[in-house]
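> Chain by chain, the residues:
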Amino acid sequence: MSTVTSIRRPVAGYLETLLADQPQLPTSPLAWINALRVEAVNRLDVLALPTLRDEEWRFTDISQLTKLSLSKALSATHLEAADIAHFYIEEASTRLVFVDGLYAPQLSSAASNSGVVVSNLPTLLATHAAAIEAHLGRHAAFRDNVFAALNTAFLHDAAVILVPRNVALAAPVHLLFIATQKELVSTPRCLVVAESGSVVTVIEDYVVLHQPGWQEEAHFTNAVTEIALEDNARVNHIRIQREGAQAFHIANCAVSLGRSSNYQSVSVAMGAQISRYNLNVLLAEGAECAVDGLALIAANQLADTHTCIDHAQPHGVSRQLHKCIVGGSAHAVFNGKIMVRQGAQRTDSVQSSRNLLLTGKAHVDTKPQLEIFADDVKCAHGATIGQLDSEEVFYLKSRGLSDSVARNLLTYAFGAEIIERIPVASLKQRLEQTVLEQTSSPS
Amino acid sequence: MILQDSKTLLEVRGLRATVNGIEILRGLDFTVKSGEVHAIMGPNGSGKSTFAKVLAGHTAYEVTGGSVLFEGKDLFELAPEERARAGVFLAFQYPIEIPGVANSQFLRLTYNTVQAQRGKEELDPLEFDDFVREKMKLLEMSPDFLDRSVNEGFSGGEKKRNEILQMALLDPRLAILDETDSGLDIDALRIVSQGVNQLANKDNAIVLVTHYQRLLNYIVPDFVHVMEAGRIIKTGGKDLALELETRGYDWVAAEHQAASQTRAAEGAA
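Keeping their order, the protein sequence lines are chains A and B.
Residue 47 is where the first sequence starts when you use my numbering, and the numbers rise one by one after that.
Residue 37 is where the second sequence starts when you use my numbering, and the numbers rise one by one after that.
Don't read these hints as lab results, they were simulated from the structure.
Every residue, glycine too, gets a C-beta built ideally from N, C-alpha and C.
Misleading hints may appear alongside valid ones.
Some, not all, of what chain A presents toward chain B, calculated at C-beta under 10 Å [claimed, not checked]:
(1) Phe133
(2) Ile135
(3) Glu438
(4) Leu442
(5) Lys443
(6) Ser444
(7) Leu447
(8) Leu456
(9) Tyr458
(10) Ala459
(11) Phe460
Output of the computed footprint for chain A on chain B, the stretches with three or more beta carbons under 8 Å from beta carbons of chain A [said to hold, decoys possible]:
(12) 38-52
(13) 109-117
(14) 127-138
(15) 271-280
Start from the sequences and build out the full structure, keeping to the hints where you can.
Below you can see the structure in the form of structure tokens.
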């Protein structure tokens, strides 16, 4: 073990400090959950935090994170509904609220009707253990991923959505994760299981609570989401990351698509000092996915999105449009891999990375990647990086709009193309307003 | 229409302009009075569209000489948006598509911006909706165009109608229509022309930049100008357009050359 120890020595203190709180977790009544935790803790013994020398992390320096002394929240901060009502989404009929990663039942409206389950993990262990065991920790591989392992080591509260066969849930489910601006680590966890032929819309929403007199403080959100679609299921997944300016946000999401299922995802990253989103989508035969993203960042923010769309079987369709709007001296990273495995014939894949740099100091690294091991496929990908088109700016000015209004409108429009794909009207409207405000730089 | 009590709207004297260091406009003279309709014709590359864009203030073109007065004021003192607010309107040959911005939102923003600058009343979304729908009838446009993104997925004819709709909303003093007829079928040409004719009045003026006489059957000009190598070399009435249609441009250039040689010879004598 001596070589292994030497690998993790530079940051060993950091992980050890975090794990110091782990034994305080209440033991689960289910042996397999305890086993998952133990396995994750054991993996953390061998895994090291990534550095810029790791290919997958070469643009995203998280050394700042390891210099912070953060601890795991073990008791929830009490919030009143009035404190957080402005985060609610009117279309959502069910809502699970987690404060610093801990479930807040008094703020949530869980559901369990017509067989649909929207609830916190510990309350489901007696009734739905089998359905959960089949998926929890099975999709998001933690054995080689230090952050997924760290999340799994603390596995306790988790948002669980189970949609039974052929049930279409009309209203979206809102999973609201609130950071309270304390120097804490939270490990949000979500599991969505859409049984065959079911339909569900899930909004995964990471927000920060601003209250008068509260200072922006560093916190670390380390989230893991697993989504399983059985045959012919359809899941709309909207992910909004609007954490505080000092936050670190690292998230792993693994999606597994059954035959002829359909996964539509829009992820928006606006907050955090440093954010990283890994999204892995695995397609079975005839499955379809649309994986769209928008990073809207400024000042000295860094937003890193790594996606992998894995066409493991034939007749899969994937569409991906990822956009970055980068202002200030911010840095956006996009790494989008499309994998077409041997035998995945008739795969149809289009990927596009489009990036808008608003200032001379803004920076983007984009890397669309195609890896094709089948010979009868249709795949296209491309990337553009640019500034606002001067002809477009002139067109708007020739209609009487000032230079700054013209530029703001075009910037807004660039982002709105992604926001428009969110199938929840009030959220779409609110985000469009946010984009409009964020892109309205005074000049 | 040529009026007795007209006011001079635009006065261009000896205008020179370059793009990427190449001189396109080479001493252009041009005067427009209120109530008038002018057509500027000429072969490709003669500088017609450059002239239109210089008047609107496109930054790719550098003005290197001459003067332009708009209602007696130096046009080049004004930024493009100030020109628009003052009443200069350019209908683009290739209108820009803006995915992500609803046409209604864009039209209301430009309308209210210009109204505010002119000290006039702005309209809220509901009021504007009624107002713009009236204007759209003029151009036989379906209200669906309000909900779509600006020009995105519009056909050539639809884009041109959207340009004239903007002209109707912004109520300019001087409207320059840069090849508004290009890409239009006969029906669209008729509709667009009718729209323009209804917007023409004794206080404004219209400058049509076009290749084809066809447009001038619908919008009848008071003056037809021929542009060649960055200057206006001949001006006539509406019949000149018909003559150009049958004879082409070469004879105008030849006539102009002969005349300048004569002048040069007289000067030398």
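> Next, verify each hint and record whether it holds.
Evaluated hints:
1. The beta carbon of Phe133 (chain A) is not positioned within 10 Å of any beta carbon in chain B (closest approach about 25 Å), and the interface hint is therefore violated.
2. Hint status for Ile135 (chain A): violated, given a least beta-carbon distance of 22 Å to chain B, over 10 Å.
3. The interface hint given for Glu438 (chain A) holds, since its Cβ lies 5 Å from the closest Cβ of chain B, which is under the 10 Å cut-off.
4. Proximity of Leu442 (chain A) to chain B holds as hinted, the smallest CB-CB distance being about 8 Å (cut-off 10 Å).
5. A cut of 10 Å between beta carbons decides the hint on Lys443 (chain A): the least distance to chain B is about 4 Å, and the hint holds.
6. The restraint placing Ser444 (chain A) at the interface with chain B holds, with a minimum CB-CB distance near 5 Å, inside the 10 Å limit.
7. The beta carbon of Leu447 (chain A) is positioned within 10 Å of a beta carbon in chain B (closest approach about 6 Å), and the interface hint is therefore held.
8. At a threshold of 10 Å, the smallest CB-CB gap from Leu456 (chain A) to chain B is about 7 Å, leaving the interface hint in force.
9. This hint holds: Tyr458 (chain A) has a C-beta 7 Å from the nearest C-beta of chain B, less than the 10 Å allowed.
10. Residue-level restraint check for Ala459 (chain A) holds (minimum Cβ-Cβ distance to chain B is 3 Å; threshold 10 Å).
11. Hint status for Phe460 (chain A): holds, given a least beta-carbon distance of 7 Å to chain B, under 10 Å.
12. By the rule of at least three residues with a Cβ nearer than 8 Å to a Cβ of chain A, the coverage given for the stretch 38-52 of chain B is violated, with 0 such residues.
13. Requiring three or more residues with a Cβ within less than 8 Å of a Cβ of chain A, the coverage given for the stretch 109-117 of chain B holds, as 3 such residues are present.
14. Counting residues of the stretch 127-138 of chain B whose CB lies closer than 8 Å to any CB of chain A gives 7, which reaches the minimum of 3, so the coverage claim holds.
15. With a cut-off of 8 Å between beta carbons, the stretch 271-280 of chain B has 0 residues touching chain A; three or more are needed, and the interface restraint is violated.
Comparing the model with each earlier hint shows violations of hints 1, 2, 12, 15; every other hint is respected.
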